[in-house]
Amino acid sequence: MEIFEIVTYFVLLLLVSTAVRVVTTSNVIHAAISLVFTLALTSVLFLLLSTEFVALVLVLVYIGAVIVLFLFGIMITRAPLGKNAELDNDKNKKLGAAIAGSIFFLFSYILVNGFDGEVIITSGSSTELLGEILLSRFVFPFELVSFVLLAALIGGITLARKDEALIDEDQV
Amino acid sequence: MILPRKSKYYVAAFALLGTLFSLAPLVIQWANYTSPIYAFENSFVVDKFSIILKGLFILITYLTFLLSINFIESDKYYQGEYYYLLLSSLLGALIVSSSRDLLTIFIGIELASTPMFLLSGWKKGDRKSNEGAIKFFLLGVLSASLILYGFSLLYGLSGKLVFSEISSHLLSASLANSPVVLLSAILVISGIGFKISVVPFHSWAPDTYEGAPLPVTAYLSVSSKATGFVALIILLTKVFAGSGSSWGIILVIISGLTMTLGNLVALQQNNPVRLLAYSSISQAGFILAPIAISGITGDYQDGIFASVTYLIIYAFMNLGAFLSVHLFSNYAGSTNFYEWGGVARKSPLAGVLTTVFFFSLAGIPPLGGWFAKFVVFRSLLGSANSIGIALGVVGAINAVIALVYYARISKVIWMDEPKSINEEKIFQFENPLKVVGVFTVLITFVSGIFPGIFSYLGEVSSIFFGN
Amino acid sequence: MFEVTTDWYLTLSAILFSIGFFGMMIRKNALIMFMCIELMLNAVNLTFISASKHFGQIDGQIAVFFVLVVAAAEVVVGLAIIVSIFRKQSSASVDVLNVSRG
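Order-wise, the sequence lines are chains U, W and P. The opening residue of the first sequence carries number 20 in the numbering used here; numbering runs sequentially from there. The opening residue of the second sequence carries number 188 in the numbering used here; numbering runs sequentially from there. The opening residue of the third sequence carries number 284 in the numbering used here; numbering runs sequentially from there.
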C-alpha cells in the first residue's frame, strides 16, 4: 500500500501550503480560491479515510455554498480586486507569528504525546449507519440545528435587505 | 411582514403571551419532580437546576419583550423578526441548561448566540451598531471554533459524546490531569469566556453594548451572559470535574483580573451604557469567583449555589439598571450622564428606581445585590483556602471601588443642577416599562430583605443537579 | 514504510488551527478573518473524523455534520452583517482585536 501513503503525505503537504496561502496572500479573491483548495484537499483526505458521506457534504456545503457566498460577499462589498496592502495588521504580525507558532508546538506536542500512534483504520464505509444514527439517537440536535438555520435565514434577509421596504409597507 | 404595520402590535402581544405560557410546563415539572429525567440516551436531562434556570431565562425574555415594545415601535425597526430572533435565542438558552452531550450543548450555545449577532446590528443605519455587530460576530464565531476544538479533543480522547460517559472514561483511564484534557479545558474556558465577557476576552462587549438597541443590550448583558455561565458550570462540573485543581487556578486568575479591570475602566466612563458594560464585566468576575474556588476545593455544590444565586439576583437588577438608563437617555437626549443633572426631579419614580438598581449593583444592604455579594464572599472565605481568601480580599476592594461609580450616577441625577431646562418636554414612562420597573425593583427588594427565597432556589439547583 | 498514524492527522489539525489563529491576529478584513475561522473549523472537522476512525465508530462523523451546518448558518449571518456595514461605509475593514475606545 505504498502508493496510498505517498498520496496521503502529498495531500497533507499540499493542504498546509494552501492554508498558509489563505492567510498570507494580499488578494481577497486569491484567499477565497486558496480556501477552496484547502477544503477540497480536506475532502480528499476524508475520502482516503473512507468517510465518503462527510467528504461529499463538505464539497457540497462548503465549496458549493459557503465559498460561493464568500465570493458574493467580495463582489457585493466591491473589495479591491488585486493586491491590497491594507488587508494586514502590520503591528500584530510578529506577535501573531510568535503566538501561533507557540500554539502549534504546544498543541502538537500535547497531541502527539497524548495519543498513541496507532495506524488509523482506513477501510469500511458507513453512510447507511450514519443516516440511521442521525435520525434516531441524534434526532434532537438535528431538529435544533434547523432552528439555527431558520434564525440565520430570517435575520440575514432582514438585515441585508434595503430599507425602502419599510417605507413601502407604511403606504400599504 | 404579512401583517400591516398597525397590527404589528399583535406580534408583541403574542410573543408576550407565549413566553408567559411557557412557564406553565415548568411549574408542572417542578410540582411533579421526583428524580432527574433523562432522554435521548442521557444527552438531555430535566433536573431542578435546569427548571430553575429555564424559569430565569423565560422571565428575562419576558421582561426584555416589555422593554422592547415601545423601543422597537418608535424607531421603525423590523418587529416580527425581532421577536422571532429573541425567541430563538431563548430556545437556545433553554437547551443549554438541560443538555448533557457535547453536540446538544454546542448547538444550544450557537442557537443562543447566532440571533444575537443579528440583533446587535439591528439599528441598520447606525455605524456604531454595525461595528459592534461585526466585532461581536467575528469574536463569537472564533469562540465557537475554540469551544469546538476543545470538544473535538475530548472526543478524540474518549470516543464518547455524552458527558457522563466522557467523565467516567477519563476517570477509569486516569486521564483527568493529562495535558490533553487540560488543553481542552483551557480551550473551552476561553471560548465561553467570550460569551460571558471575562477579561482577556471582553474587548467586544462595550462596543457591542453601545451599538445595539437598548433592549438587546439588556438581554445580551443578562441572558447571554447567564447562558454562558450555565454552559460553563455544566461543562466544568460534569466533564472536567476530575481536573478541578488545574482549571480552578486559571479561573481564579481570570476572575480577579475581570473584577479589577472592569471596575477600573468603568470609573472613567461617561456614557451610561459603556459604564454598565464594564460594570457587567466586573460583575461577571464575582459570578465566576465561587466556581473557581469550588474547583480548587472540590466542593462544587457550594460553588454552584453561590454562583446561581448571584446570577438570579444580578439578572433582575441589571435589567432594571438598563431600564433606568433607557428612561433618562430618552428624556435627556444625551449619552453622557454628566449632562443628566437633576433629571430625577422631573420624574421622582424613575429616579428612585434608578437609585435602587445602582445601589443594589453596588451591594448596599438591604438590597438584593448585597445578599448576592454576601453569598459569594461567604463561599470564598468559607473555603478556608488561602487562594479563596485572597480572592475574597480582591473582591472586597473592588466592591468599594464600584461604589464610587454607581453612586456617582445617583448623585448626578438627584443633586446636580439641571444644565438645560426644558419644561415642555414630557418625561416618557410607558406602561410596559412601568411593569418592568416594578417587577425588577420588587425582586431586588425581596431578595435583599427575605434572602431565604433566593438562596433556596440556588441551593435546590445545586443539590438537584442531575448527572 | 511510514505508515499513516492518527498522530499525523492530529498534527495536521494543530497546524491548520494555528494557521487560522495566526490569520485572525494579522488580518483586518472581515471577510478574510472569517475565512481564517473556517480554517480553524476545518481543523476541528479533521480532528473529529480522525478520532472517529481511530475508534472505529461513527459519532465523530455526526459531529462534523453538525459543525458544517452551523458554519453554513454563520456564513449567512456574517455576510448579512458585512452587507449592512457596506451600505453605510463601503469597506469591510475592521480592527476587531483592538479596543477602539477605552
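Accuracy of the hints is not assured; some may be wrong.
To be verified - Only pairs whose alpha carbons sit at most 30 angstroms apart, straight line, appear in this in silico DSBU-like list of lysine-lysine:
(1) P/Lys311 with U/Lys181
(2) W/Lys315 with U/Lys181
(3) U/Lys181 with W/Lys310
These aren't lab readings, by the way, just hints derived from the structure by calculation.
Checked hints:
1. P/Lys311 with U/Lys181: Holds. P/Lys311 to U/Lys181 sits at ~26 angstroms (cutoff 30 angstroms).
2. W/Lys315 with U/Lys181: Between W/Lys315 and U/Lys181 the Cα gap is close to 19 angstroms, so the pair holds against 30 angstroms.
3. U/Lys181 with W/Lys310: holds, 13 angstroms
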